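2 protein chains.
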Amino acid sequence: MNHLQQAFSVRFEYNVFFTHKLFEPSNPVFRDFLRSASGETTKKIFFVIDSGVMEHHPGLPDQITKYFSDLPSLTLIKEMMIAPGGESCKNTEQYFYEIVRAVDRFGIDRHSYIAAIGGGAVLDLAGYAAAVSHRGIRHIRIPTTVLSQNDSGVGVKNGINYLGKKNFLGSFAPPVAVFNDFSYLTTLSDADWRSGISEAVKVALIKDSAFFEWIKQHAAALANRDMDAMQYLIKRCAALHMEHIGGGDPFEMGSSRPLDFGHWSAHKVEQLSEFSVKHGEAVAMGIALDSAYSFLSGMLKEKDARDILGVLTALGFAVSHPLMDIRDGESPVLKGLNEFREHLGGRLTIMLLSAIGRGEETHELDTDTLIRSSQWVASFSSKH
Amino acid sequence: MNHLQQAFSVRFEYNVFFTHKLFEPSNPVFRDFLRSASGETTKKIFFVIDSGVMEHHPGLPDQITKYFSDLPSLTLIKEMMIAPGGESCKNTEQYFYEIVRAVDRFGIDRHSYIAAIGGGAVLDLAGYAAAVSHRGIRHIRIPTTVLSQNDSGVGVKNGINYLGKKNFLGSFAPPVAVFNDFSYLTTLSDADWRSGISEAVKVALIKDSAFFEWIKQHAAALANRDMDAMQYLIKRCAALHMEHIGGGDPFEMGSSRPLDFGHWSAHKVEQLSEFSVKHGEAVAMGIALDSAYSFLSGMLKEKDARDILGVLTALGFAVSHPLMDIRDGESPVLKGLNEFREHLGGRLTIMLLSAIGRGEETHELDTDTLIRSSQWVASFSSKH
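Protein sequences appear in the order of chains X and S. In terms of this note's numbering, the first sequence opens at residue 202 and continues consecutively. In terms of this note's numbering, the second sequence opens at residue 202 and continues consecutively.
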């Protein structure tokens, strides 16, 4: 055949640092990273900060300015962009273009940095803008919520919503560094503190029964904002998530997305609720539904399914919601199933459980069993 | 130190096929590719066609429809998008969003295809829209110009212009296949036929003196639209370009872009001319300028510099243009040098020549020598 073959591999490497008070003058972690990464040129750094973080830490821009004041290899862009926290920053292209225009205005080149401080949504937004400006500016993530520190912030995806669809525009673009600063966790609302725990439950359920057992033992401590327990949870969850990405198909070029246990319905509920149900809260409901389905379809023991719903409840999660109710084949959440099939690429791959700590893929969900699963969760919920 | 390390490699593979009359029912190349790539699901394919191609091949959509009529594993989206050919399709976000909305409307999933037929600009546009829709839809390129068949179309970059800057938004996203259909070359204008040859001259000058010698011997044949000569030129140039990408730094994460000989001034002239000077024409002028600079800075023999300008002239290229004139440090084209530095990432890396077939990088250009180089090219031009 008359053709030329092209084949190459691209190597990606980054560290996820765990620290406290990242911008305290005495904390060397960020400066050390920049020194180790610096080449022959002066690099710029532009900060995008979550408005939610600014509310609790109004002095942050000044702190950052001081922190970088004696680093000659770096030019800090003094003007920092404040992006509205939560999904709203991803629901319009406005903030995306605001970052892109800042790249132009401040002359941020491909080897300079865009650093984002905030929850998963602001990190997704800034990561996407960084990934496509000049075909990719170096991106640093400073996740400030449980959810972003243990899951989305340590991974390789970014994106914004478009046409009302979650992450319709986005890319796979590894950050150059992630700084998980635990001190931000103390100022989270109870809902935000709790919200990210569901991703840890998810990864434990499909990969690590000992971790699920640990969460079960520490559910009360976690619900009561015990910082040591939360730090352990975040590190373990981040490690499992990163192993999954690095050891598998980081850019999801194959057809399966096995980490997404409990997510197919969660995405739809978030959207239907106009994001008043947080991602982590929706994931807890999605885990409950898919655990019930795993039980009712004969894959999982009833005791295990009850255990899972019990742990979610002990953590403070609601396991059901009117928007999650499945009454017939036309139920709104079932529409999410088709959209998810499309987003994945044609063939549906849904992760279910054959045991605690063991995920198993399936390619079809039965509507009748889904209706019974939804009823089973609602009935569990009403008794607890 | 308290951190987790992430490290992984992502493998990319694709073939560049050389063929004639790709959509003739009897041509198996495209169908064979789709069969070999098909998995368990029916895939969709959506076509974006260059308006310039449509002008000369108005029956193309019908041909495509017939070609795919007996392929059960594929669903052809009957509605095809016509995008204006040339840089204008990249100068606004309008066509980008038109493709993204088509992805939504027709339910194009991540494992379906967006196929683009046209010149480099339309391929860049469609490649970018494909790369960020659903975080990356499979992209097929069918380049129809000399420039796209031997250079941009076989590579891994895409993009659109923003804020008047070329490729300000874009990504590195390898296609899944490239089909170089030589039959499209017969309907090109003389300017489009010629335009892409300058990229072959470029790659020959920095990598392959024997290829430059071949171009020199065949300059008249190429200028007279000899098809055999052109096919050889395209294959050799594509192979050299692909070797460079695959063997080097495909996503340009390092600081240098050594294939860009002659390009720093070319980009600026295209923009200053509002794209009335074609990319390939601008590159020919850029090659002339940088060859002159290589000579006047003592790196290259005068005979070689004259040879290069002679070959460009014999191919029908203008080697100078009022917009390329450098009279002082404020000359418009010098502004391009700073923009290029920014786009590259801080440190300027310019390729010059130490001999025909041997590129050599430098990190500074001297303004006085640039002024003399510009004069030298103008004086050569006025005598030939």
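If you're looking for bench data, these hints aren't it; they were derived computationally from the structure. What you are looking at is a predicted structure, and each value in this text was computed from that prediction instead of being measured. Fair warning: there could be bad hints in the mix.
Each pair may be met inside one copy or between any two copies, as identical chains are not told apart.
[Said to hold, decoys possible] Taking lysine-lysine pairs in the PhoX-like style, the calculated list, with each CA pair at most 25 Å apart, reads:
1. K584 - K536
2. K244 - K366
3. K504 - K417
4. K536 - K417
5. K408 - K504
6. K244 - K536
7. K222 - K408
8. K436 - K584
9. K267 - K536
Structure-based check of each hint:
{"no.": "1", "hint": "K584 - K536", "result": "neither (29 Å within a copy, 71 Å between copies)"}
{"no.": "2", "hint": "K244 - K366", "result": "between (36 Å within a copy, 21 Å between copies)"}
{"no.": "3", "hint": "K504 - K417", "result": "within (14 Å within a copy, 80 Å between copies)"}
{"no.": "4", "hint": "K536 - K417", "result": "neither (33 Å within a copy, 63 Å between copies)"}
{"no.": "5", "hint": "K408 - K504", "result": "within (19 Å within a copy, 68 Å between copies)"}
{"no.": "6", "hint": "K244 - K536", "result": "between (47 Å within a copy, 20 Å between copies)"}
{"no.": "7", "hint": "K222 - K408", "result": "neither (32 Å within a copy, 51 Å between copies)"}
{"no.": "8", "hint": "K436 - K584", "result": "neither (33 Å within a copy, 72 Å between copies)"}
{"no.": "9", "hint": "K267 - K536", "result": "neither (50 Å within a copy, 34 Å between copies)"}
Comparing the model with each numbered hint stated earlier shows that hints 1, 4, 7, 8, 9 do not hold.
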